[in-house]
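Which chain is which? The protein sequence lines are L and H, in order. Residue numbers are given in numbering that gives the first Met the number 0: position 150 of the first sequence equals residue 149, and the series is strictly consecutive. Residue numbers are given in numbering that gives the first Met the number 0: position 202 of the second sequence equals residue 201, and the series is strictly consecutive.
Bear in mind the hints are in silico, worked out from the structure with no lab data behind them. Glycine included, each C-beta is placed from N, C-alpha and C at the ideal position. Watch out, some of these pointers could steer you wrong.
To be verified - Partial chain H-side listing against chain L, Cβ under 7 Å, derived:
#  : residue
1  : Gly62
2  : Arg449
3  : Arg455
4  : Leu457
5  : Asn462
6  : Pro476
7  : Leu539
8  : Ile543
9  : Leu546
10 : Glu550
This is what each chain is made of:
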Amino acid sequence: MERTSGHAGPLAEAGCLQLQDVALELHGHHLLHLNETISPGGVLTVMGPSGSGKSTLLAWIAGFMSSSFHATGRAILGGEDITGRPAEQTGVGLLFQDPLLFPHLSVAGNVRFGARGGKDDVAERVENALASVGLSGFGHRDPETLSGGQRARVALVRLILSRPRAILLDEPFSKLDAPLRRELRAVVFEHLRQQNVPAMLVTHDQEDADAAGGLIVTID
Amino acid sequence: MLRLAPWIIVLSLVLPVVGGTLLTVPPAFGYLPVLGGDDWSFRPWLELAATPGILRSVAVSFGSGLLATGLALIIVFLFLSTIANTRFDRWIQRLISPLLSIPHAAAAFGFAFLIAPSGLLLRWLSPALTGFERPPDWLLLNDPFGVSLISGLVVKEIPFLLLVSLAGLPQLNAGQRVMLARSLGYLPRAAWFKTVAPALYPLVRLPVYAVLAFATSTVDVAMILGPNLPSTLSVQVVQWFNDPDLSFRFLGSAGALLQLVVTASALSAWWVLEKLIGKGFNAWVAGGNRQRSDGTLWLAGRGLMVISTLLPVLGLFALALNSVAGFWRFPDAWPGSITLSHWLQALPDLARPFWMTMIIAMAASMLAVAMVLAALEHEQRRNRPATRALWLLYLPLLVPQVGFLSGITVLSQMAGQAPALWVVVWAHLLFVLPYVYLTLVEPYRRFDSRWVILGRSLGLSVNQAFWRIRFPMMLRPVLTAMALGVAISVSQYLPTQMLGGGRIVTVTTEAVALSSGGDRRLIGVWAMVQAITPFIGFLLALLIPRLLWKERRGMQAL
Chain L
0 MERTSGHAGP LAEAGCLQLQ DVALELHGHH LLHLNETISP GGVLTVMGPS GSGKSTLLAW
60 IAGFMSSSFH ATGRAILGGE DITGRPAEQT GVGLLFQDPL LFPHLSVAGN VRFGARGGKD
120 DVAERVENAL ASVGLSGFGH RDPETLSGGQ RARVALVRLI LSRPRAILLD EPFSKLDAPL
180 RRELRAVVFE HLRQQNVPAM LVTHDQEDAD AAGGLIVTID
Chain H
0 MLRLAPWIIV LSLVLPVVGG TLLTVPPAFG YLPVLGGDDW SFRPWLELAA TPGILRSVAV
60 SFGSGLLATG LALIIVFLFL STIANTRFDR WIQRLISPLL SIPHAAAAFG FAFLIAPSGL
120 LLRWLSPALT GFERPPDWLL LNDPFGVSLI SGLVVKEIPF LLLVSLAGLP QLNAGQRVML
180 ARSLGYLPRA AWFKTVAPAL YPLVRLPVYA VLAFATSTVD VAMILGPNLP STLSVQVVQW
240 FNDPDLSFRF LGSAGALLQL VVTASALSAW WVLEKLIGKG FNAWVAGGNR QRSDGTLWLA
300 GRGLMVISTL LPVLGLFALA LNSVAGFWRF PDAWPGSITL SHWLQALPDL ARPFWMTMII
360 AMAASMLAVA MVLAALEHEQ RRNRPATRAL WLLYLPLLVP QVGFLSGITV LSQMAGQAPA
420 LWVVVWAHLL FVLPYVYLTL VEPYRRFDSR WVILGRSLGL SVNQAFWRIR FPMMLRPVLT
480 AMALGVAISV SQYLPTQMLG GGRIVTVTTE AVALSSGGDR RLIGVWAMVQ AITPFIGFLL
540 ALLIPRLLWK ERRGMQAL
């Protein structure tokens, strides 16, 4: 109660993602403790070795956490407490290591799958979004026929059209080769800035952290 | 609602099995007021003891079950010890599922048509090798010792035991174990039996018990291949229950309880043997002996497996040949003429039983798939392992069918109810559910949970995520499970026969009923229809996803 008003002023609160006294435990074993506020357009990078609980932190914010973990603290998004909300009501979007394009849908079907806001112009918005990442005319394609980089772009576009109020990225570039990784970093962070929502990146690649350009928290 | 799914499954299995068995008890002791049995007594048991040949019936049921299960297991293990991922091995593995889906009755008929004195095998050998100009007067079929019954059961159960063994092997690192033992100087077969077999057996124990319970109590296979006068115990019991003289229900109930005892004894005997052999086995493993040659074992494993795979295929061929044969003199290897007249004659009679078979099969397997999906989805959402009670799924496979079906029959007669379709569907469900669960549980748990997480972060509710992501992506295993359910249902004889009271007629009950008549051409037609019906399901399960996801390569591999 006290923290909601105390930590950040009402101005900073609009659209911010606040993590208040978040602590993670696995079988009684303390993993991490975090107290941060990410403003719209900002990126918080969390670095640490595997097993440090950084992916679990994302799962907790987004509303999916394995029951073997235990978490305390609150996540506040745009002034609303989203702690413990059902995943589809947190307004938090995710980008994974793998693009995870639904194999039973076309490229456009995948993008439309997440699209929020009005059905009328959705086909047009999907096509525009695909064009914005250089995939104009790819809508009818089978995701399986795309290259790795193209799939990652489709996944990004699908996330953007779902109009998330915050974006969590779980090592989104770790499975790509070096040139592709650089190229995609540029595309992803450019889109993130355009969205003007708070973002959180989990990685163990220093270059990712540098490209994100925000605050870096290291856990061990 | 979903929360109830595991319990609905458990209840709908346990209630009929336990209830049916308990209901068998009063009539077995003379108490069944509707039929005039007002007093408890031992009369049914005395009658049972006085039945001519009853001891022999019991002995054949008990012995043939143990022998058939033991032989099938030995052949499967011998074969597995020779497996080396050759083209032949892959070919055998690919044959398992089709062989498995041949209904028991059709497989038994095919086997009978091969080995009978005037069967295909002797025709092919005669007169050149045997000198026979007419069928020999041998009791090759329905022999009093149950040899043909045992052989038929061995051949039918091998694909099932092979399937469950192959499912268990990957988690054992069999290749590595054998390699290690061989580097210590053991020959390949000994290496396999000393390092893989002891770890594999516990994984297939429950299916082996199910095979044993089935083999000691089968009705349709025993009617076709087993001895007559006396027949096996289970066949006797069914005949008593079918007797128009309702007072035979008392004797039948006592017989059904005796069948429970026989099957339970066979399971206990197996359990004791298992312990004894295990002890000797450990001594053998620890003894460290190295043999000089294991070529004989290799030959036995391969040879027996080839024969066991070829026989059902040839059996189907024999069925097909008989169904279109015109005049066919004995030592002739092939019919003198081919005719469609048997099919054309049978066709008008086939339609109704065929549709009844399909209705029951579709209803039972759709119900089973829905129940299993609900239980598995619940397990996923709760994010914790399944209810322990789900091992009860095996219950209907371990208790002899006559044992509890007779009790349910008595109950529906007490209620004065005409045979109802839903009762038959429910009985089929008992046997369909376990297999549907076993085929779906692995793909369901392996399904990458990130798909659902992704869907929900894109705004889908849990239910939407199931219908829009998990269900379409799992359509292939779901359809396969459904097809397997249809195959299991099609092969059921006793539930339809007993609970349908002769009024609900399927392809299977008709085919088995023909066995006493001995018209080979007609049996050929009906058994072929019975054998083909399950394949329709598997074909659809293969084609539907292929057509639906024609443009989606990712869905072909899933």
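Quick rundown of the hints versus the structure:
no., hint, result
1, Gly62, "51 Å, violated"
2, Arg449, "6 Å, holds"
3, Arg455, "4 Å, holds"
4, Leu457, "4 Å, holds"
5, Asn462, "11 Å, violated"
6, Pro476, "14 Å, violated"
7, Leu539, "18 Å, violated"
8, Ile543, "13 Å, violated"
9, Leu546, "13 Å, violated"
10, Glu550, "5 Å, holds"
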